[in-house]
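Whenever a hint applies, use it, and build me the whole structure from the sequences.
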Amino acid sequence: GNSVTQMEGPVTLSEEAFLTINCTYTATGYPSLFWYVQYPGEGLQLLLKATKADDKGSNKGFEATYRKETTSFHLEKGSVQVSDSAVYFCALGSSGAGSYQLTFGKGTKLSVIP
Amino acid sequence: DSGVTQTPKHLITATGQRVTLRCSPRSGDLSVYWYQQSLDQGLQFLIQYYNGEERAKGNILERFSAQQFPDLHSELNLSSLELGDSALYFCASSVDGANQPQHFGDGTRLSIL
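Taken in order, these protein sequences are the chains called A and B.
Heads up, the first sequence is in this note's numbering, so the first residue is 1 and it goes up one at a time.
Heads up, the second sequence is in this note's numbering, so the first residue is 1 and it goes up one at a time.
Since the hints were made in silico from the structure, they are not lab data.
We treat Cβ as the ideally placed atom computed from N, Cα and C, and that holds for glycine.
Take these hints with a grain of salt, some might be off.
Claimed, not checked - Rough simulated footprint, nothing fancy, chain A against chain B, three-plus residues with beta-carbon under 8 Å:
{"no.": "1", "region": "50–63"}
{"no.": "2", "region": "75–83"}
As the list claims (entries may be wrong) - DSS-like, lysine-lysine: derived pairs with alpha carbons at most 25 Å apart:
{"no.": "3", "chain 1": "A", "residue 1": "56", "chain 2": "A", "residue 2": "106"}
{"no.": "4", "chain 1": "A", "residue 1": "106", "chain 2": "B", "residue 2": "9"}
{"no.": "5", "chain 1": "A", "residue 1": "106", "chain 2": "A", "residue 2": "77"}
{"no.": "6", "chain 1": "A", "residue 1": "106", "chain 2": "B", "residue 2": "57"}
Laid out in structure tokens, this is it:
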């Protein structure tokens, strides 16, 4: 079956540091890949997505590239801010027989300190 | 604001009871998804409905059921509740069932005492 593995947290960084959160996946076929972010007390928000190999998703300074050869979708940001503190989820989307579902990683909590 | 509305925000009840969680999708979205988020299991897909019909089932217990009504709102029914059912339950919606981003509500926190 499909699965997503992302780096364990928590991750603590100083403001303006470089961020990488690793994500690898196992899937059959050609899934779409997503990063979602969850701020305290809120639901998940879509951060970025990529639908095919070599696509790069980007939003709010975050980037991730769909690497089929390494089955990875690592999240990066060049300079984090305190407001980026949240839990980040990598997810894989798969279709089948008229259905669609997301498989999530366990989440990585990021804390950015001033 | 994602446009997905979930009620209630918090629910406290006892073991053996039954509860109903409600979700109103974003305007124009036909697909509704339910997820359970717990500390030990993470975020798990429960069930998907598309335009009133069940489309996919994930790790949903037999004690749980859901439906999507003609106005596209959805309800998740949890019965014979156990302590382990304490979790955050999220609803998400998307335009259709294929490859579109899902928009999440703020969740219902269920606490079983």
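Comparing the hints with the structure gives:
Remark: the region 50–63 of chain B is confirmed as covered by chain A, as 4 of its residues place a Cβ nearer than 8 Å to a Cβ of that chain, reaching the required three. Closer than 8 Å: that is the beta-carbon criterion, and the region 75–83 of chain B has 0 residues meeting it against chain A, so the requirement of 3 is violated. Restraint check: the Cα-Cα separation between residue 56 of chain A and residue 106 of chain A comes to about 22 Å, which is no more than 25 Å; the hinted pair holds. Between residue 106 of chain A and residue 9 of chain B the CA atoms are separated by roughly 23 Å; this keeps the pair inside 25 Å, and the hint holds.
Note on residue 106 of chain A and residue 77 of chain A: the hinted pairing holds, with a Cα-Cα distance of about 20 Å set against a maximum of 25 Å. Note on residue 106 of chain A and residue 57 of chain B: the hinted pairing holds, with a Cα-Cα distance of about 20 Å set against a maximum of 25 Å.
Comparing the model with each earlier hint shows a violation of hint 2 alone; every other hint is respected.
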